[in-house]
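Enquirer: The chain contents come next:
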Amino acid sequence: MNHNDPALQVLIDRVQSARAAGAQLCIRGGGTKDFYGEVPQGEPLDTRVLEGTSSYEPTELVVTTRCGTSLAELEALLAAQGQCLPFEPPHFGDPGLDTRARGATVGGMIAAGLSGPSRAAVGSVRDHVLGATLLNGQGEVMSFGGQVMKNVAGYDVSRLLAGSMGTLGVILEVSLKVLPVAPATLTLRMEMDQASALAQLNAWGGQPLPLNASAWWDGNLIVRLRGALAAVQAARATIGGQVVEPQFASPFWAGLRDHTDEFFEGAHTAVKGGASLWRLSLPSTAAPLALSGELLIEWGGAQRWLCSAMPAGAVRDAAAKAGGHATLFAALDKSPGAFAPLQSPLDRIHRELKKAFDPAGIFNPGRLYPGL
Amino acid sequence: MNAALPTSAAISIQARATRQAEVVAALAEMLPAHALLWHREDTIPYECDGLTAYREQPLVVALPETEAQVAAVLRACHRLNVPVVARGAGTGLSGGALPNAMGVTLSLAKFNRIVKIDPAARTAVVQCGVRNLAISEAAAPHGLYYAPDPSSQIACTIGGNVAENSGGVHCLKYGLTLHNVLRVRGFMVTGEAVEFGSEALDCAGLDLMTVLVGSEGMLAVTLEVTVKLVPKPQLARCIMASFDDMRKAGDAVASVIAAGIIPAGLEMMDKPMTAAVEDFVHAGYDLDAVAILLCESDGTPEEVSEEIARMEAVLRDSGATRLSVSADEAQRLKFWSGRKNAFPATGRLSPDYMCMDSTIPRKRLADILLAIQQMETKYGLRCANVFHAGDGNLHPLIMFDANDADQLHRCELFGADILETSVQMGGTVSGEHGVGIEKLSAMCVQFAPEEREQMMALKRAFDPKELLNPGKVIPSLARCAEYGKMHVRRGLLPFADIPRF
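In the order they appear, the protein sequences are chains A and B.
Per this note's numbering, the first sequence starts with residue 1039, numbered consecutively.
Per this note's numbering, the second sequence starts with residue 518, numbered consecutively.
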């Protein structure tokens, strides 16, 4: 990070004046995730002034890029070298536009910490963060982690930023581990009820198969194999089902990633009518939950989307009982809290960490939890 | 020594004895007599960890047997403002478990039970004192294993792995400890129970696991860990490639990655190391090679034969002078035997050696090796090198005789030079062994004062009284200022009179 960059100075000045005035800032890139978490508050701080990729060396498997960089542009840069962000970060935004025009940024990707269909197989956004530069609430620019695969020098603050919803500071720049695009991909579809699909996915998970993504919805199980050509071909025989041709399979997985797929289209409509879209994060082996509503299961059973009118308490209790948690992902009324409430002492650690990074409470107040 | 870490030599005998009596009396209320050690002859085994050059007498050693006892010890120490240093197998290489002269060493060795292996969920729940390799052994009947494999895996414990974010030879493909741990249950410094993560893939709020793993026992005390298990690959094969030029070997590493291959393991040894291990294991290594690369592929038999063919082509194009591919498991293990015995083999060449652990961008492999060769002349000491080449993580082994004070001093300067050169090349001072006490000064080079202060503030968010393993990982401002002065003496820093932090 060049500390003399005028764009960086603009951000530092905004933080310093907010600090002096006792104001609060709402850190924002393309605004594609405004709906996510608690309601954004504070004066907008547009991160897109700081954009561009500082370094990319394909043989190092590392890209270092600034917060305002368009996610679609970063992905295009990697694709030109046969590489990718293996965790498939969602783009969201206006489904009528292409991903570039929707405007998701790298900073937003890290702050939201969301990963796509391949997450269970390849790891999450945070697993691919190698380093980050942060602007904290004192207006200090600080770097943690680095551009190398292994680094245990000091606390791993850079990975803590993934999913922090901008509450710890402005994520200025990140270094990410990237991977080569796998040589072969194949999507298979089969009919199966929910309980059998969960059992089957967990059984396959225990075998050395190149299982990269899965989705179960409405009595259909769809799985994506990805890896060496020979491994994908061999696994096809083990798994069975019908091949979904690439021209249908690619948009399906992209739609699942960006929530433009049929299930999510229906969910968005239902949300406008007062229903809630829940994201349940559970142990993959959790038995089918006795909750009413439309259900789509990803990540081999570990991520379950539920569109339902059930009371928040019932959904959260069921998720907690199954060993996980439920996020109120999209709803007109988020009064039950976007994220599952924290128990002591985790709530105290959150408050103290917020104080450690942003003592004046400037950044994204209440976006993660009220009062934080 | 860090300014925050008092040594027993600097504390009056009377003050120490009084404090010791007070702490022993408090802990005797919650621990059976055999679980409380404070006589010098009983605490000697706890004076150091794998970094034996640094030793300290703990005030008291507590060996609790139940979780309730751990909580009670922590509560008592918190009340009395006594530092607590948690300890597993003591195999750490950076002095992370070095005792505090006025503190309690909390040995968690008795928590060595595998609680549950769940083959359907592919998880294992184990107590902190379970050995790394024991997890894979227990999972083996289900065709599963625990991926991170630090070289000390037969002895090191999972609690220590969590503290250090341990790696191993398969990190590039399978990740570090952080990537393979789902949940950690333990205690805050106050004795309050706490749980980080869950058996789901994420949890609500900030991802505290990211800072807990690798925090070297400074944020919380780990009692139980849930780890991910992964299916054992059906087959693994290894290529051994010789190079007559260090730069060609370094470029070969980059070329393998550039070809879109992520090897299961990619390791390098230089000529002195090859000679040392060949003499030790007689694996038939090429003694004429300037560098040897071990490049492994794992997966289904079809996948492995496809990948091995691609790797062979890349290595040949990169100028490999000799290539052999393991024909069977016995031969594969033979290829690896030298690499895995690099440390004991070095131990036979020299009375003492210091193992460094920095990481650099892969493309600088040849540069750093050549720089290390020059340092051998500069400091008058020999150095053999093994690398986790796939991750750019180097382990130069500097050979010296600890009985010769000047050699020890030169060895320390040599090591500091390697770390600083690594940072200059865009790397880091610790890839996988941790900072502990050993690399405190190097942290002054890698991090600015406000970055170090931010890390201290993070620690205080967990441990406001700074009682958990104080004086490790984050150097004090005073220490860094002192280190800066040492630099000036060595003439490395120009403009010695301008203010520095």
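In case anyone wonders, no lab produced these hints; they're calculated from the structure.
Just so it is clear, CB atoms sit at the ideal spot from N, CA and C, and this is done for glycine as well.
Any given hint might turn out to be false.
[What the hints assert, rightly or not] Within a straight-line C-alpha distance of at most 25 angstroms, the following computed DSS-like cross-link-like pairs (lysine-lysine) qualify:
(1) B:633 <-> B:765
(2) A:1359 <-> B:745
(3) B:749 <-> B:851
(4) B:749 <-> B:880
(5) A:1393 <-> B:880
(6) A:1359 <-> B:765
(7) B:788 <-> B:745
[Stated by the list, open to error] Covered stretches of chain B (in silico footprint by chain A; criterion: 3 or more residues with CB under 8 angstroms from a CB of chain A, positions within the stretch not fixed):
(8) 530-542
(9) 561-574
(10) 715-728
Enquirer: Compare the structure with each hint and give your call.
Expert: Evaluation of the provided hints:
no.: 1; hint: B:633 <-> B:765; in the structure: violated (48 angstroms)
no.: 2; hint: A:1359 <-> B:745; in the structure: holds (21 angstroms)
no.: 3; hint: B:749 <-> B:851; in the structure: holds (20 angstroms)
no.: 4; hint: B:749 <-> B:880; in the structure: violated (31 angstroms)
no.: 5; hint: A:1393 <-> B:880; in the structure: violated (40 angstroms)
no.: 6; hint: A:1359 <-> B:765; in the structure: violated (57 angstroms)
no.: 7; hint: B:788 <-> B:745; in the structure: violated (37 angstroms)
no.: 8; hint: 530-542; in the structure: violated (count 0)
no.: 9; hint: 561-574; in the structure: violated (count 0)
no.: 10; hint: 715-728; in the structure: holds (count 13)
In summary, the numbered hints that this structure violates are 1, 4, 5, 6, 7, 8, 9.
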